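Student: Keeping their order, the protein sequence lines are chains X and V. So that you can map any letter, position 319 of the first sequence is 319 in the UniProt record's numbering, and since no number is skipped, the others follow by simple counting. So that you can map any letter, position 156 of the second sequence is 156 in the UniProt record's numbering, and since no number is skipped, the others follow by simple counting.
There may be inaccurate statements among the hints.
The list treats identical chains as interchangeable, and a pair is accepted whether it falls inside one copy or across any two copies.
[As the list claims (entries may be wrong)] Subject to a maximum C-alpha distance of 25 Å in a straight line, what follows is the list of computed SDA-like cross-link-like pairs (lysine to any residue):
1. K334 <-> L396
2. K398 <-> P736
3. K556 <-> R354
4. K399 <-> A738
5. K160 <-> A266
6. K398 <-> L740
7. K630 <-> D121
8. K399 <-> H614
9. K56 <-> P259
10. K627 <-> E103
11. K251 <-> A714
12. K251 <-> R670
13. K398 <-> Q651
14. K251 <-> S494
15. K399 <-> S688
16. K46 <-> A356
By construction, these hints were calculated from the structure, which means they are not laboratory data. It should be emphasised that the depicted structure is a prediction, and the values quoted were computed from it without experimental measurement.
Protein chains: 2
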Amino acid sequence: MHWAKVVGSAVGAAAILALGIILGHFAIPKAADPPDPQDLDQEILKTVLAQLDASKIRENLRELSKEPHLASSPRDEALVEFILQRWKDQLSGLDSAVTSTYEVLLSFPNQEQPNLVELVDSNETVLHSFQPSEENVTGEQAGPNVVQPYAAYAPPGTPKGLLVYANQGTEEDFKELQARGITLQGTIALTRYGGAGRGAKAENAAKHGVVGVLVYTDPADINDGKSLPSETFPNSWGLPPSGVERGSYYKYFGDPLTPYLPAHPASFRLDPNNTSGFPPIPAQPIGFQDAKELLCNLSGPSAPDSWQGALGCDYKLGPGFSTNGGLPAGSMVKLSVHNRLVLRNSSNVLGIIRGAVEPDRYVIYGNHRDSWIHGAVDPSSGTAVLLEITRVLGTLLKKGTWRPRRSIIFASWGAEEFGLIGSTEFTEEFFSKLQERAVAYLNVDISVFANATLRAQGTPPVQSVIFSAAKEIGAPGPSGLSIYDNWIRYSNRSSPVYGLIPSMGTLGAGSDYAPFIHFLGISSMDLAYTYDKSKTSARIYPTYHTAFDTFEYVEKFVDPGFSSHQAVARTAGSVLLRLSDSFFLPLNVSDYSETLRSFLQAAQDHLGAQLQQHNINLGPLVTAVEKFEKAAAALIQHITTLQSSSPDSLQVRTVNDQLMLLERAFLNPRAFPEEQYYSHVLWAPRTSSVATFPGLANACSRAEGTSPGSEAWAEVQRQLSVVVMALEGAAATLRPVADL
Amino acid sequence: MHWAKVVGSAVGAAAILALGIILGHFAIPKAADPPDPQDLDQEILKTVLAQLDASKIRENLRELSKEPHLASSPRDEALVEFILQRWKDQLSGLDSAVTSTYEVLLSFPNQEQPNLVELVDSNETVLHSFQPSEENVTGEQAGPNVVQPYAAYAPPGTPKGLLVYANQGTEEDFKELQARGITLQGTIALTRYGGAGRGAKAENAAKHGVVGVLVYTDPADINDGKSLPSETFPNSWGLPPSGVERGSYYKYFGDPLTPYLPAHPASFRLDPNNTSGFPPIPAQPIGFQDAKELLCNLSGPSAPDSWQGALGCDYKLGPGFSTNGGLPAGSMVKLSVHNRLVLRNSSNVLGIIRGAVEPDRYVIYGNHRDSWIHGAVDPSSGTAVLLEITRVLGTLLKKGTWRPRRSIIFASWGAEEFGLIGSTEFTEEFFSKLQERAVAYLNVDISVFANATLRAQGTPPVQSVIFSAAKEIGAPGPSGLSIYDNWIRYSNRSSPVYGLIPSMGTLGAGSDYAPFIHFLGISSMDLAYTYDKSKTSARIYPTYHTAFDTFEYVEKFVDPGFSSHQAVARTAGSVLLRLSDSFFLPLNVSDYSETLRSFLQAAQDHLGAQLQQHNINLGPLVTAVEKFEKAAAALIQHITTLQSSSPDSLQVRTVNDQLMLLERAFLNPRAFPEEQYYSHVLWAPRTSSVATFPGLANACSRAEGTSPGSEAWAEVQRQLSVVVMALEGAAATLRPVADL
């Protein structure tokens, strides 16, 4: 071959080789390249929402509610196995599922010696006996597993005394009776549900010498005044006259004997006799049928207008019965309460889907399993939704179609009705790793109260993800509106940032989110479908905690067709996927700025002058709120900038950790030493009417009227510093991470 | 061109193109590829160690110690500026540096009315006055800024009484005096340093009716018995006869008025009159020259042998002076203490190097800046090392040669001598972000006590990184040994895992690491060079907290040539780089297994029988330790596996978070409610002699002798559950992250 030709060929070959090298280098993605960051997949999201099936939710509910499943009962244990098997299913289960069992202190009536409410004369001769249980109106109220109405954790005892009517049993109610000269010492107080917590009624009563408490549900508060059998279940969704709300009368939450410790068999337990938080005197709930007989025969002056109800008579205050009524004047009411405290095993069921990219970040979704009776609404409507969501996600998982970016933990909690026990023990057992790794907690307890609209409660950062989900799902019914647009019609507020938006509620301690938000500082939320408040003033769905909360009740009156159940399942499913799959966590921390600003404004408006008088200056609080606002806005801006670039995984993880851990920065275990578990300085219980930082508001209430320089005013100053420190710490968490 | 030839050429070209594509694709790294994970660079490490310069440390020390720099004094403030300017230097500074100032409660003697120790008769006529300050032996002891010897936070007062000798002022010492029938009521107690904390001497004394306390340093405890001027500084490293150890007599740490809150000007403050932790009675430290005069003239029975010292006389117990001695019999000792509590500004200086890859992970390295007088050893020997390390790293940084993987925070703490105040306020202010992000805290306070060997204290996970560093650095002196091999000759133990290894100490509350480990649960360590304990029994270097701790003292007697300073700088520098730059964090969490196993063994051996008698079973503790061991071993195995693959950044971050957060899992803010700041269930103060879990050991000590079923025995059970819960939580943190 000619040399020049060889050179020419070689040059040509070199050029081609070079072209190849260039093509190879730039045009073909490397197999070893990191895959595109796994982000929320809209197609998967659509698939999931489409597959969530109302009829399957209905089937779940029928199974879950077919028998009473009181915490630790054999049926409750059977449902543990039922859920475990679902989550271990080969075709639609999760990666793993386990049960976790605690030995906890529960309280039950004595089957051999039922609780009684009677009328007796001074020789203790029984003149009359009231109903010990609900009427069997659908054939389901008489089974051996229908627990008699009782006030869980109320102490046993047989107090008797003249009856007084004490309205809702608040501190103010008893003061009012005292002010009106009604003798309280040695009486039995009849109170109605609402206004004060269950246990608080007995606590307040005992302070005034009352020896026993009856609690009933007034038709005015639950049935929009209706009280006839023909107007109530099974003829409507109303509470029947014999219906009785059961409930826990324990003041705190978690296993009463093992505060701050998981209730393992070997754990240290308090002496039940020295445990605080139980009602100090016997208490017993009754139906409004019995309450009517008692209340409409009372003597004494008329109760104030706001104390009147819908029992069809003028409510009097007592003490004792009138001489011209249907009950013997001079007779006393006698309570025989035989409740027993028992150590019982109660289980959580936990199911896990392992995250593909960030397995050490947990999105937690839970509901309790235990009910008082059949619990079709409470909690099985939520569990039916939970099981449908795990079925759909589990099926995608088992098919290999999908695995979330982060891990998802599903939980079926035990013994919630006794005081959020299963969930609280879980947070105690896994305190460290949950604090380190939990992104958010989603609770769906009662999924459907009624058919009108979504109702969401949560801390500010979850508002955005709930809104995003609600905007893309159709509301049940013919409106054609999204869940979001329907919601805004029923419940809205004007946000200084967003204008008119649906109104989110805040989180108290009404369900299993409480230990997550208050004890662990994990951003939490609770979702449900609920009433049109313009159409009913019921304080909750009427058969709540009664033997009438059955499958038939749901199917006939709460959600025929289960379309609201499906709407909640879709909303919860969408929120769950967004939290578990989004590259950037969909927690808008800057939404806390609005809350802080409104808390600050309320403090300035309602406490400012009073504080000024005691030389307590809100200046540092103003500065702290401003620092927070600035840091939050800058972080959101930083995220926007990152989103438009190609951030690496660690950059996004850094930001996501800031978003996740913000809520933790509001925790201070030393803020409220007297409040068991409550460490979140923004959401601890607020007894003051001023809608501001609870520690500050409560301390001001307590200090009011004490002398300048008192310990109570020092505590106001301390609470102010506690909240300033928390806000400064929260701002520091949000600032660029290499700034101090 | 012939068609076949064209085809042939095309085929050949295609082959070459293909080859090029293959080469381009596989052989050339993509620009867009993520860089190799940034790991510890051995070349950088070598460069840093080589550049750490003994003569520059010497220069730093001369500047830092040239004037007294008591906390909040003008010179202390000047050093704040000095350090700030170093860290802001254009050529050798850090990315940023700031000061952070707190308003804290300090205690000073009154310059107008010096504290006095006198002999008086019953008419208060002064018979004799003792030295109010140290002798001016080098010309540096008489300056206006040499603070008079005093007991910081001891209350003002002018108690007088007969003198008794109370040894070290422990609870046992006073009980011994009582048992021997020595009247204590109304006396002044002379005690020597050691045995009990400073403040504890006054607290114990007050419980027995003692009205004032003197504290001195016995030559037996500090000078190996030597006490003549010719045998002490400036003629040797010994403590001169007039030397007096100052110190804080406050019981806790942090600003006394703002526990758990950063001491910002607007923060809530306790009333100083209601603050706990100050000595209950006046106290004053004196030199052994004065102590000799007092002690060698005491009357009464001889003190026990173990109470005798090296003052050259038989120590008697008193009360009062003997009739045949050099001091008037019947005369009383009168203390005039005029200490004042003052709110003062005290600053930390904070310098930051931003991490290149994980800026949200912090390695913190600090030392305090404030001294009692010149503080050449304490703390300037440490600060001189700190500034040399920042110079070398800052220079590399400014040149663009190096940037660490993680962020490094350097700190010069204020007001440590008064009770770790600057560091504690820092941990309070940045509680949340430090808990979330701090990898480890490295403290180098006194860097060189003496020239013999490295001394390291820390929690188990830091042992491995200190050993790694110590193995690669030569020990000062002619031995040719590594620091590690030299260390093992002086202080070693037999580890069941590693065989013979250097012995690491544990962390008490002696320096600024205390809030990091006890309050925040951050893996911490303290490094220094120290004595050959076979050659001296000095409890600390002799001029500690006296006016004789000067540059001359260091240069002549502590570390001529500064090679031990350099050795500490190299060790600290290497530890710092390893922590900030290693891809996998060099924290060997499985080294905790050895500690837990030994704590468990001690509990079984020394408490087991006693616990059994009270039906307290150690079984759950055994199980928890086993779970921890298993989880730790599995995690180490997992890391080994990852190291041999090509783990992605998030996989490594996940593991590193487990390593970082393990120490946090041992925190329980509710474990020891009466112990301010102490939340780490393994390292809280242990008063019991059994080397086991402190809560368990202390509770057992307190319960001993109480009746079965007592509250004290219930507390033992609670403490057992607290430690079991912590170990179970720690094991859960180490287990695979998607397991529960």
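Student: Now look at each hint and say whether the structure bears it out.
Tutor: Each hint tested on the structure:
Proximity of K334 and L396 under a CA criterion of 25 Å is satisfied in neither setting, with 59 Å inside one chain copy and 85 Å between copies. When the C-alpha separation of K398 and P736 is checked against a cutoff of 25 Å, the pair qualifies only between copies, where the shortest distance is 21 Å, while the shortest distance within a copy is 41 Å. Taking identical chains as interchangeable, the C-alpha atoms of K556 and R354 are never at most 25 Å apart, the minima being 39 Å within one chain and 64 Å between chains. Proximity of K399 and A738 under a CA criterion of 25 Å is satisfied inter-copy only: 20 Å between copies versus 43 Å inside one chain copy.
Within a single copy, K160 and A266 get their C-alpha atoms no closer than 40 Å, and across copies no closer than 55 Å, so neither meets the 25 Å cut-off. In this assembly of identical chains, K398 and L740 lie within 25 Å of each other by CA distance solely across copies; the values are 21 Å between and 46 Å within a copy. When the C-alpha separation of K630 and D121 is checked against a cutoff of 25 Å, the pair qualifies neither within a copy, at 70 Å, nor between copies, at 68 Å. In this homomeric assembly, K399 and H614 never come within 25 Å of each other (Cα to Cα): the closest approach is 67 Å inside a single copy and 56 Å across copies.
Proximity of K56 and P259 under a CA criterion of 25 Å is satisfied in neither setting, with 39 Å inside one chain copy and 56 Å between copies. In this homomeric assembly, K627 and E103 come within 25 Å of each other (Cα to Cα) only across copies, at 21 Å, whereas the closest approach inside a single copy is 46 Å. Only between protomers do K251 and A714 lie at most 25 Å apart by alpha-carbon distance; the minimum there is 23 Å, versus 27 Å within a single protomer. Taking identical chains as interchangeable, the C-alpha atoms of K251 and R670 lie at most 25 Å apart whether they share a chain (20 Å) or sit on different chains (20 Å).
In this assembly of identical chains, K398 and Q651 lie within 25 Å of each other by CA distance solely across copies; the values are 24 Å between and 31 Å within a copy. With identical chains, the CA atoms of K251 and S494 are never at most 25 Å apart, being 35 Å at best within one copy and 53 Å at best between copies. For a Cα distance limit of 25 Å, the shortest separation of K399 from S688 qualifies neither inside one copy, at 54 Å, nor across copies, at 59 Å. Taking CA atoms no more than 25 Å apart as the test, K46 paired with A356 passes inside one copy only; the shortest distance there is 20 Å, against 39 Å between copies.
In terms of the numbered hints stated before, the structure departs from hints 1, 3, 5, 7, 8, 9, 14, 15, listed from lowest to highest.
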